[in-house]
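All chains, please: the whole structure from these sequences, using the hints.
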Amino acid sequence: MGEELKVIVFALGNEEYGIEVDKVRTIERLSPITRVPKTAAFIKGVINLRGIVVPVIDLRGRFNLSETTATENSRIIVVAVADMEVGFIVDSANDVIDIDTDSIDIPPEIVGGIKAKYLRGIAKLGEGRLLIMLNLSEVLNKNEIIQLEQLEV
Amino acid sequence: MDMNAYLSMFIDESNDHLQSLNENLLRLESDPEELSIVQSIFRSAHTLKGMSATMGFEDLAALTHEMENVLDLVRNSKLKMDSFIFDTLFKGLDALEAMVQDIVAGGTGKADVTSIVASLQVILKSDYSASKAAQAPAATAGNAGAAPSNASGAMQLDEFQSSILQQSIESGHNVYHVQVTIRDNCLLKAVRAYMVFDLLERNGEVIKSDPSVQDIEQEKFDFSFSVFTISSLTQEELQGQISNISEIEAVVVTVLDVESLAILSNPSAANAVETSKATSETAVRAEAVREVEAGKGQTAAAAAPAVQAAPANVSRTIRVDIERLDMLMNLFSELLIDRVRLEQLSSEIKRTDLTETVEHMARVSSDLQSIVLKLRMVPVDSVFNRFPRMIRDLAKSLDKKIDLVITGADTELDRTVIDEIGDPLVHLLRNSVDHGIETVEERLAAGKPETGTIYLRAFHSGNHVFIEVEEDGRGINHERVLKTAIKNGVVTEEQAKQLTPDEVNMLIFAAGFSTADKISDISGRGVGLDVVKSKITSLGGNVTIDSAFGRGTKFSVQLPLTLSIISAMLIKLGSEKYAIPLSSIVETGIIRKEQILHVHGNKMIKFRNAIIPLVSLSRVLESPDFNENEEQETEIVVVRKGEKWAAVMVDEFIGQSEIVLKSLGTYLTNIEAISGATILGDGYVALIIDPSALIK
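Residue numbers (the UniProt record's numbering), protein chains in the order written: chain A, 1 to 153; chain B, 1 to 696.
It is possible that some hints are incorrect.
From the derived model, a few chain A residues whose C-beta atoms are all more than 12 Å from chain B [stated by the list, open to error]: (1) K23; (2) I47; (3) S66; (4) E85; (5) N94; (6) I97; (7) K117; (8) I122; (9) G126; (10) R129.
With a straight-line cut-off of 25 Å between C-alpha atoms, the simulated SDA-like cross-links for lysine to any residue are [to be verified]: (11) K44(A) x Y667(B); (12) K38(A) x L582(B); (13) K38(A) x Y667(B).
Computed footprint of chain A on chain B, listed as stretches where at least three residues anywhere in the stretch have a Cβ under 8 Å from a Cβ of chain A [said to hold, decoys possible]: (14) 177-185; (15) 673-679; (16) 682-695.
If you are wondering where the hints come from, they were derived from the structure by calculation, not from laboratory data. We put the beta carbon where it would ideally sit given N, CA and C, even for glycine.
Next comes the structure, spelled out in structure tokens:
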């Protein structure tokens, strides 16, 4: 048995993803987002999170998945990684579960259209349920944003 | 013991002591006969020495020790202060400051202080007066007295310690030798020892301990130690209280009188006392002494009989991490937003008791706001306090006589402003000393008193703080300023003819301008005053000059009270709201489509007899739902960046408001034309526009 890991489970489209609980600051309902001009398309803007201005990115846009309109279930998951605080817009945040680190496998090259470097691994939950664990520091990699912005220009 | 935990405290306190040393030395210089000042200098130096020795900064302790020796002679009227001694002491202080800075920067605080130590020792010995035959005989007499100085190697008490003890005995305080034995089964003997020290320090002062406090804290002692202490307790009380500490095997408290003290401090007689209980000590080592300035009253009086002159207005303060204040500020702005919501709700619901409660909450929260903002305020004294010393040194090196008169040092400014304002003020003051105040001969020739005066004033006015630097020097020579300005290409001759006197004065703030005939190391590199102006402008402030040729110059610096809250104009761009800092707005207005001129494909408008560019904010910010081209009339905001102006087209003005500055965080950086964000009363985030990015 490996270590127990508590993860927050959220959904993008048909896939289920996981982020370690200790990286998640809070989960919020969608609140009005102020657009920030001249930024990458997936950066939706900033929100007021109890007095602190927090940037929000659309995780679908970040992974080049097709963007959808927000629903009643949409949530903003605010994560804190290396003194950065960023909110992720996700389709829904459903669950907190314990997984065994041993059950996390190295991901194949591409999962559901997402490059492997954004992933920490894939956890098998039984009953054919798979959980894609995100590698947050890669998702929030600033150098890559700069590259993406240059591509857009 | 982990010293790191105490390092920040050490640094803070060292800086305090260095500052008070500086101030008191300056006071002493103007009033060399005042022995009470020497006393306070001595106390500061002494505490500093103790602290550095405790923290293991040996060089720091060694240098302070030498300075202390000199001061000791002065204190006991065995040495007269003169300018050589002052200069050496000031040099020593500079070295101490450098060492503390090194420690702040993470260094070891080591420095080569041999030359300063050497000159201090020269002062101590008679060589100094011998080499300077002109010295007053009093000095020689004093030095003779000091001759048997530090042969402390084998002494139980060094000269200083025994003199403290002796003075205490003479002034009627209880001096004890306390020998404590801890039970040999005690596990944490350092803790027990600490409890003893704590008790002693609460009731008095520990003069010396054997083994040293350091060693005791590191448990480098057998089960007994002994201390010399001055205490307010009687022998029985002391004995009783120490025995009450658990795991203490035995306590022997011996009262010391002048005689026994003399024996103790005399090395040859030391052996004789070894039989006595008081000193049945093992080998004696000369170690660093740790002094603790415990509770003001008794101990200070015991250590220094002349404390009556000590300044009494000590305010009770605590040190708080600035981050906590920021957190408090954040929480508070959250509360403000809720307040606005509550006010809206209560006006909708229209229930008197609810309205009353909300109104009361509004009053309380506005009181709270002023307190929270005040917490970040620091008196300008923390910047001003280094200036007297600086002016003294500058005046000395330029051979001028200058008095610095500071008023309003208790005026408070936001910490962020305080941190930035030091350098510009240094520049202004150096400028005043170098260019403003004349030499003694020139002053006398002009019929002025030979000592020039620089006034440094700070005061509140409205939402601003003013800092003025005024001197009674030669004033600004307009002819020379114009000549230099034309020569350096700052203005053309034609322009020069049209300038008002005030505009001529402002020329000295232009980049690349310097009127000094020769370059000194104080000012005159031509980088001084324009840097001052740009720094003050970047702080949201302003600087003006008032000068009368031949009679003096006054620089007046206007600063905002705080940088965390600014005044801004809120504007609308379609559905989006933005804030423009009021400090960069010149004017607002409305223009009609036909007033827009097209020059080389760029839109321009006529404004105050000039043609200025028209900037489309909706294009810069990629506005999704506003396009000024569809409008017949457009609201404009004229903004400035230095001397350049531009008109920015907006959709609608919302109004002026005080806004709290927030950063966009570390994920979003370097966004074009956006300097930050703020949270509006309705909880929405509005971005703050950086007008200088709109002007090319």
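Quick rundown of the hints versus the structure:
1. K23: 14 Å, holds
2. I47: 7 Å, violated
3. S66: Consistent with the label, S66(A) stays out of reach of chain B, its closest Cβ about 20 Å off (over 12 Å).
4. E85: Given that some Cβ of chain B is not farther than 12 Å from that of E85(A), nearest at about 6 Å, it is violated.
5. N94: The claim stands: N94(A) keeps its Cβ more than 12 Å from every Cβ of chain B (closest is about 26 Å).
6. I97: Non-interface label on I97(A) holds, nearest chain B Cβ at 28 Å vs cutoff 12 Å.
7. K117: 19 Å, holds
8. I122: 27 Å, holds
9. G126: 36 Å, holds
10. R129: The claim holds: R129(A) sits with its nearest Cβ about 32 Å from chain B, beyond 12 Å.
11. K44(A) x Y667(B): 13 Å, holds
12. K38(A) x L582(B): Holds, because 24 Å separates the two Cα atoms, which is no more than 25 Å.
13. K38(A) x Y667(B): Given pair K38(A), Y667(B) holds - Cα atoms ~14 Å apart, limit 25 Å.
14. 177-185: violated (count 0)
15. 673-679: Held - the region 673-679 of chain B has 4 residues with a Cβ nearer than 8 Å to chain A, which meets the minimum of three.
16. 682-695: Three-residue rule met by the region 682-695 of chain B, so holds; n is 5.
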